[in-house]
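**Q** Place chain B on chain A using the hints.
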Amino acid sequence: MEQNTMNLTLKVWRQKNSGDPGGFATYPVKNISAEMSFLEMFDVLNEELIREGKDPIAFDHDCREGICGMCSMYINGRPHGPWEKNTVCQLHMRAYKDGDTIVVEPWRAKSFPVLKDLVVDRGAFDRIIQAGGYISVNTGSPVDANAVPVEKEKADAAFAAAACIGCGACVAACKNSSALLFVSAKVSHLALLPQGAPERRSRALNMVAQMDKEGFGACTNTGACEAVCPKGISIENIARLNREFIGAGMSGE
Amino acid sequence: MKWSELFTSSIGKKWVMAISGLCLIGFLLVHVTLNTLIWANIFVPEDNGEIFNRAAHWLGSNLIPRILEVGLFLFFIIHIIQGYVLELQNRSKRGKGYKVPMGSEGSNWYRKSMGLLGTLIFIFLVVHISNFWISSRFGGLKEITYPDGETFHNLYGEMITVFQELWIVILYVLGCVSLAWHLIHGFQSAFRTIGVSNKKYLALLNATGIGFSLLVSILFAAMPLSIYLGWVK
Chain A
1 MEQNTMNLTL KVWRQKNSGD PGGFATYPVK NISAEMSFLE MFDVLNEELI REGKDPIAFD
61 HDCREGICGM CSMYINGRPH GPWEKNTVCQ LHMRAYKDGD TIVVEPWRAK SFPVLKDLVV
121 DRGAFDRIIQ AGGYISVNTG SPVDANAVPV EKEKADAAFA AAACIGCGAC VAACKNSSAL
181 LFVSAKVSHL ALLPQGAPER RSRALNMVAQ MDKEGFGACT NTGACEAVCP KGISIENIAR
241 LNREFIGAGM SGE
Chain B
254 MKWSELFTSS IGKKWVMAIS GLCLIGFLLV HVTLNTLIWA NIFVPEDNGE IFNRAAHWLG
314 SNLIPRILEV GLFLFFIIHI IQGYVLELQN RSKRGKGYKV PMGSEGSNWY RKSMGLLGTL
374 IFIFLVVHIS NFWISSRFGG LKEITYPDGE TFHNLYGEMI TVFQELWIVI LYVLGCVSLA
434 WHLIHGFQSA FRTIGVSNKK YLALLNATGI GFSLLVSILF AAMPLSIYLG WVK
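Residue numbers (this note's numbering), protein chains in the order written: chain A, 1 to 253; chain B, 254 to 486.
Chain A with its partners taken away, still in its complex shape (with noise of 0.2 Å):
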């Protein structure tokens, strides 16, 4: 069978640590073949450079199956490169041709701080989270199943919505590093179910005043969040936020 393998140039974002002002570094890479994933192609590299004795790029990965929310690049000037609804660990090699060079950076928002070379910071998401971002229930016994009934399009929509893997690429992507697509869809996700009707008030309150003292900027409606949400969250939770957001702020809560 034939393998189609291509020889690359990449130019990475190389930081030592927080403090340090970090630059591009250029590797060439040959010999990809394109069923490789684009993380494998990093695997490949950094093998190289442990057996040269240099350091190897630091990026964040885990579960390689697109669920984790962990991978984070931002390629050729697109959070997780260019394919649509993706994450970088299931973008793979036939995407690019030989020859071609490629820009890898980080996810760049003041609220997350490169930590080193690709990795960043993205902490403050499980602040937001832990400023609401869940349903308080009472332990004991078990529930029934389906004994809260919940009607289909808002179960739908809910689901949607907890499709979100906290990435981040939406506050790389935004021209504001506004975090509100997620934010917005960890609310909607509970309050669109009966469950997180308890504490809807509080919750979007408190989630938003969390993201603001993380330093997110205001959302302006541009779309590009949208576009490059691996999950394909739709910026309509922004819009429920806001209603969210303002109705609980007018109230006496």
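Hints listed in this document are in silico derivations from the structure and should not be mistaken for laboratory results. Predicted model only: the values in this text are computed from it and were never measured. Hints are supplied without guarantee of correctness; some may be wrong.
[Stated by the list, open to error] Label pairs and their calculated CB-CB ranges:
1. B/F385 x A/R127: 46 to 54 Å
2. B/T289 x A/P194: 49 to 57 Å
3. B/I463 x A/R127: 54 to 62 Å
4. B/V338 x A/Q195: 37 to 45 Å
5. B/S357 x A/S18: 30 to 38 Å
6. B/G356 x A/N146: 24 to 32 Å
7. A/V143 x B/S257: 37 to 45 Å
8. A/R127 x B/G464: 52 to 60 Å
9. B/L341 x A/E84: 29 to 37 Å
10. B/S257 x A/T9: 51 to 59 Å
[Unchecked claim] Below, computed lysine to any residue pairings styled on SDA-like, alpha-carbon distance capped at 20 Å:
11. B/K452 x B/G462
12. A/K175 x A/G247
13. B/K453 x A/R243
14. A/K85 x B/G356
15. B/K266 x A/A197
16. B/K255 x A/R201
17. A/K97 x A/S37
18. B/K266 x A/E214
Glycine included, C-beta positions come from ideal geometry on N, C-alpha and C.
**A** This is chain B only, laid out in the frame that chain A set:
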């Protein structure tokens, strides 16, 4: 949550932009409707601006429009200042920028250039206010007496005079072009910000917004053009 916290939150600030923007859209509707009366000659031969001058006089001499006018200036000031504050704050959030810029995927250049378009409209607004509003409010307009003996400010005559200057006509047309792009994004974005998330309504609002933006901007641009080209005398 206190009122102060609500209006200083990121969504609260956007909400203020949306509400003030929608009020300004309402004003544009009144303004453009009244101004189309300069073309009354089409239906009323030999009108030569009389209907327009009478309508402008009515608007300027009634209490309610005068109170609304104060609100209008307030909304303009809020929209402009808040717009710049948000633009500067949002620009400061990235820190180090990208080597390869994102481009306009999923968006459009005008959706990302509201600050620039707003600034162009602001420059136009300053010239526009000094051309017409100041003289119509604080004197400086010629009077005209109609056959029934009533005397009015000749705002129509002022338009005819002002729009003989080519550079003013060009500036007005550019102002209208900026307004069209600004409104195409602003109209539907305002409704999203105040919480319209229903796809069916968003589609309707998007279409209405584009129609409104184009209609208002084309009508406004046609006013100085039709005067400069001598179609309205």
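**Q** Indicate, hint by hint, whether the structure satisfies it.
**A** Comparing the hints with the structure gives:
For the hinted restraint 46 to 54 Å between B/F385 and A/R127, the CB-CB distance of approximately 53 Å keeps it satisfied. B/T289 and A/P194 have their C-beta atoms about 52 Å apart, which keeps the hinted 49 to 57 Å range intact. For B/I463 paired with A/R127, a C-beta distance near 40 Å fails the hint of 54 to 62 Å. For B/V338 paired with A/Q195, a C-beta distance near 38 Å keeps the hint of 37 to 45 Å intact.
As the Cβ distance of B/S357 to A/S18 is approximately 31 Å, the hint placing it in 30 to 38 Å holds. In this structure the hint that B/G356 and A/N146 lie 24 to 32 Å apart at CB is violated, the actual value being about 46 Å. Distance hint check: the CB atoms of A/V143 and B/S257 are about 41 Å apart, consistent with the given range 37 to 45 Å. For the pair A/R127 and B/G464, the beta carbons lie near 44 Å from each other, so the given range of 52 to 60 Å is not met.
For the pair B/L341 and A/E84, the beta carbons lie near 33 Å from each other, so the given range of 29 to 37 Å is met. Judged by the Cβ atoms, the range 51 to 59 Å given for B/S257 and A/T9 holds: they are separated by roughly 53 Å. Simply put, B/K452 and B/G462 have alpha-carbon atoms about 15 Å apart, close enough for the 20 Å limit, and the pair holds. Under the criterion of a C-alpha separation no larger than 20 Å, the hint pairing A/K175 with A/G247 is inconsistent with the structure, at around 27 Å.
Restraint check for B/K453 and A/R243: satisfied, since their Cα atoms lie roughly 17 Å apart, inside the 20 Å limit. Among the hinted pairs, A/K85 with B/G356 is consistent with the structure: their alpha-carbon atoms are about 17 Å apart, no more than 20 Å. For the suggested pair B/K266 and A/A197, the alpha carbons sit about 26 Å apart, so the restraint of at most 20 Å is broken. Taking the CA atoms of B/K255 and A/R201, the gap is about 14 Å. The hint holds against a cut of 20 Å.
About 14 Å separates the Cα atoms of A/K97 and A/S37, which keeps this hinted pair within 20 Å; it holds. A hinted pair counts as satisfied when its Cα atoms are at most 20 Å apart, and B/K266 with A/E214 qualifies at roughly 17 Å.
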